[in-house]
Each structure stands twice: as C-alpha cells, then as structure tokens.
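S.K.: Now for the letters of each chain:
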Amino acid sequence: MSLKISNLSKYYGRQKAVDQISFSVNDGEIVGFLGPNGAGKSTTMKIITGFLPPSEGSVEIMGESVTDYPMSVKRNIGYLPEHNPLYLDMYVHEFLSFMAGIYGLSLSRKKERVIEMITLCGLEDEQNKRIGMLSKGFRQRVGLAQALIHDPKVLILDEPTSGLDPNQLIEIRRLIKKVSMSKTVLFSSHILQEVEALCDRVVVINNGKIVADDRVENLLHGGDNFFIIEFADPVTTEELMGVTDVEQVRQMEKFRFHVKAKAGVDIRQALVKFTVEKNLSLIELKQEENSLETVFSQLTLVKKK
Amino acid sequence: MVQIFLKEFNGFLNSLIAYMVMGVFLIIMGLLMWVFKDTSVLNYGYADMSTLFSFGPYVLIFLVPAITMRSFAEEKKLGTLELLMTKPLAERDIVLGKFFAAFVLVIISLIPTLIYYFTLSHLGNPEGNIDTSGVMGSFIGMTLLGGIFCSIGILASSITPNQIVSFIIGAFFCYLFYTGMDSAAALFNDGENSLLVRQFGIVYHYESLSKGLIDSRDLIYFFSVAFVMLLSTKTVLSSRSW
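Residue numbers (my numbering), protein chains in the order written: chain Z, 66 to 370; chain H, 6 to 247.
Below, a list of computed lysine to any residue pairs in the SDA-like style, where the Cα atoms sit at most 25 Å apart:
1. Z/Lys81 / H/Ser244
2. H/Lys81 / Z/Glu159
3. Z/Lys175 / H/Leu101
4. H/Lys239 / Z/Tyr76
5. H/Lys81 / Z/Thr132
6. Z/Lys248 / H/Leu94
7. Z/Lys201 / H/Ser20
8. Z/Lys69 / Z/Pro101
9. H/Lys82 / Z/Gly166
10. H/Lys81 / Z/Ser200
11. H/Lys81 / Z/Asp154
12. Z/Lys194 / H/Glu79
13. H/Lys81 / Z/Tyr76
14. H/Lys82 / Z/Ile167
15. Z/Lys194 / H/Gly84
16. Z/Lys243 / Z/Asp230
17. Z/Lys175 / H/Arg97
18. Z/Lys175 / H/Leu18
19. Z/Lys194 / H/Asn15
20. H/Lys82 / Z/Thr108
21. Z/Lys201 / H/Gly16
22. H/Lys81 / Z/Tyr77
23. Z/Lys218 / H/Thr85
24. H/Lys239 / Z/Asp133
25. Z/Lys176 / H/Phe14
26. Z/Lys194 / H/Leu21
27. Z/Lys194 / Z/Tyr156
28. Z/Lys201 / H/Lys81
29. Z/Lys69 / Z/Ser89
30. Z/Lys194 / H/Asn19
31. H/Lys81 / Z/Arg140
Partial selection, computed: residues in chain Z whose CB lies under 10 Å from chain H:
32. Phe116
33. Leu117
34. Glu147
35. His148
36. Met155
37. Gly169
38. Gln211
No lab work stands behind these hints, which were simulated from the structure alone.
Where is the CB? At the ideal position from N, CA and C, for every residue including glycine.
With the rest of the complex left out, here is chain Z:
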C-alpha cells in the first residue's frame, strides 16, 4: 500500500477541516480526490506531504509514518501544491536544478534528470526563460517537472489543472496520464470530466468527511435511473405510472415526460410496448446518462442538510 490514511482529523481552532477520514491508495493506482471548495482536500494533501501536522490520526507513505519519518517520506513524495507556487524570478533550468539539488542528487545525475524532466514535460523551448515569463500552462508543467524531478513513488497533485484553458487542460491531463504509469497518484480536482478521464477510483469528500470511495463506473451506475420520453399525442402521467417499475413521472413539456424507474432496471422496452398498446406515436425515448456531475451534487449537496 503506497498511501494509507487512518482516522485523520485536522482542526483549525474549533473548526474541523478534516473529520476522521480513512482511505488508502494501492501501488500504481490513480485516485481522484473530489469535493467542493473548502471540503478539506487541500488540508488533507498538506498533511500527507508533511506541511501540516495532523490533529489526530496518521498518514503512512510506503509504510512510513509522515510524522515519525518526515525526511524519508518527503523523499518518496512528489508534490504539486495548490496554485502551483514557483520562484518567478528563477529560470526554468535553474529552478529545476535547484530542486534536484535539494534531493542531493549527484552533479551528473542532476543534469541528467533536469534534461529528462524538460523533455518529458515539453519545456525544451522554455527552459531558458524566467518562470515569471511563462504562461499558466507552462508554469503548470514546470510545477509537474519539479514534483517529478527525484522520481518519487507517490505523486500528490493539488488541483493540477485549475485555471487552464481547454487546450492546456488536455495537455496537462495527457502529461499526468503519461507520468502516472509507474506511480501512485492522488490528485484533487473539482473538474469532474477530468476525474472521469484519468482516475481508476474516486474519493469524494464533503465538509471534511468522506462521502464516497468507489470506482468511477460504480459511482455512475449507483445513482438514480431516469428516462425521457416524448410523444406526439396527449398522454397523462397516470397512464405512464401504470408501466411496470416506474416510480415517478414528471411532465416536462406538453407531451414530454421525465420518468424515474427502479434502480438498475431498463424500462425502455416496457415503454415502447406501452406506446404500441396505446397506439401513440413516439418522438423520443432515451435513458438519461447519469453523469458524475449529478452524482457529485447528490453526494455533496444532500449531505449538507
């Protein structure tokens, strides 16, 4: 197990930022850490990387506790903090070799790694520019290069794609995918498509508590089951309620209905049969895709009450 969090809590004064969370990440797994702003994602990551101490509970990286062996844990982690802080007046090349130097790499190894990272992150043309001159997308690459420079086993990325334009977003995602082949990755985000595209597993946190920890597919299929049906002729909701397994019907437009069915049951066939029996003309029939957005808002909004 690369990363193991047990009963972790963090208080800021009286406020509980993180409340008794436990989860673990296996070797080579990419886990998305989801939650609305202020849910405790960054705090958790700061504790994992040893920047903040936990109030209660423990974090283990490669079997070593963060609080007991901070130095060796920090060697195993590559961390991209939120907002990607960088020394803006340093040159890309200079910055990366400074970072490599901190890990005590030998001079030749250091040079080698800096060149590898520059190639990996596509910074060849930018390596002799000041970081302050770079666009946000390139800065993000520098941040990633910095996190990867010592070839860590565990990567912790705090909102690696926030504030990027759609093209940069795709590039950074591709980059994360590329580097994550041989590593354990925990990354936070509130962009859902990203989590869907990158992760094997999602941990959803809200108000400091874990509200879901599951594979993406399971989350998508576990939610409510909706169908949309539209007719050319008048139909009443009562008639539709008569179809087997229908739980709830809502009229959206004149002849357009939103039908809720029992979880896991596909009622499309039954609906078509119903149309034929009543001799109606069908215009549209589809199963509503249960997007991660709906799952997310269900998980994080309902629980707030």
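Based on the hints, put chain H in the right spot on chain Z.
M.R.: Okay, now just chain H, sitting in the frame of chain Z:
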C-alpha cells in the same frame, strides 16, 4: 543548507539587490569619510577611522533589513514556503541558508572599506601611524554587528508575509539593539541596573571590541544574540503546525 544558501545568494546577484546594497553602502561611507566636511578624515587631521565605525552601523540599520525583508516574507506570499517545507530539508537548514546568504552579502560590502585602512595608514605622520589593532577590532565588531542585524532581519521577515512590515520591524529592532538599549540605560539612576541594560545593547560590546581587545565575552554576546534570533525564526516557521 548549501542549496538554500546558493539559491538565495544567486537571487541577490540576479535581482540587483546585491549591487544596490554594496553601491549605496560604499557611496555613503565614501562621502562621509572623504568628502563631507563635517565628518571627513582629511579635515579632522588624525589618521583615525572612527567616522566609518560610528556611521557604518546606522547605514546598516537600514540596509540589512532591506536585504533580509524578502527572505521569508516573499516565500510566504508566493506560497513557495510550502514547496520548500515539503522537500526533505530541515527547517534549520532553510533558516541558516538564508541567514548566511544575507551575512555574506554584508561581509562583501564591508570588504572594500579595508582600503580606507591602507589609505589612512599611508596618510599618517609618520607613515603607518594608525591604531591597527583598534581598526581590526572595529572591523570584527562591525562584521558581527552585521551578523546580528541579519538575524534580526530574518526573524522580522519570518513573522509576516508583507515585505514592508518586515522591513520596518527589522529596522526598528536593529535600532533598538544597537543604541536603543544605551538610551534605555540612561533612564536608570543607579549604576548597576543601568550597566545591565547597557550590556544588552550592541554598542557596549561594539565599543569594547573597537579598543582592539577581542574579549570572549563580547564575542559570546554577538553569537548568542544571533543564535537566539535564528532559533526564534525556526520556531516561527514550525509554528504553522500549532
């Protein structure tokens, strides 16, 4: 520590701060020593460097906090402190690296004033008639004073993310430790308490060194003040966890 030292020192050299500090210090000292009539050695008539050693600390009160004000304040503001703290670096090494970068810059600015010694030594009558041991003692005193100022500046920088606040606090405490204690001592009527307070100030020990006698008590004073300041800085850095 070496990594942080090199990074900070390169930062000084790349950002003009180093040249500004050295330039301003040397111009002010040069003008006071040789040009301005009130303080010029040439007008004074004695081969004596007291101008440098009495005005130098006042210039340093302003220059040293200017050097150190960004060291932690900027890292806090940019968030890069988080980057450093999550690297396998001891807090002690970060503090010491930053301190020595500033201290070395101060020492480098002081070195050119050694020329004044040789110049004055030649101007003496007969040639070489200058209090060499007093001058050397003063140089050591000024270097150590620069060290204390650096440690105060670093501490001031660690308590705020605002560079201007850091500068003002730094300059204030440098002043307080330099002559403030002396002035405070004058408030006491009895000699014993007055002497005790005076001994907390830098001037007392600085003057003692400038007599040319390198007393271990004075050295211990300088090292312990710098040590306490740097230890407090380290404590402030770890206080994020309280």
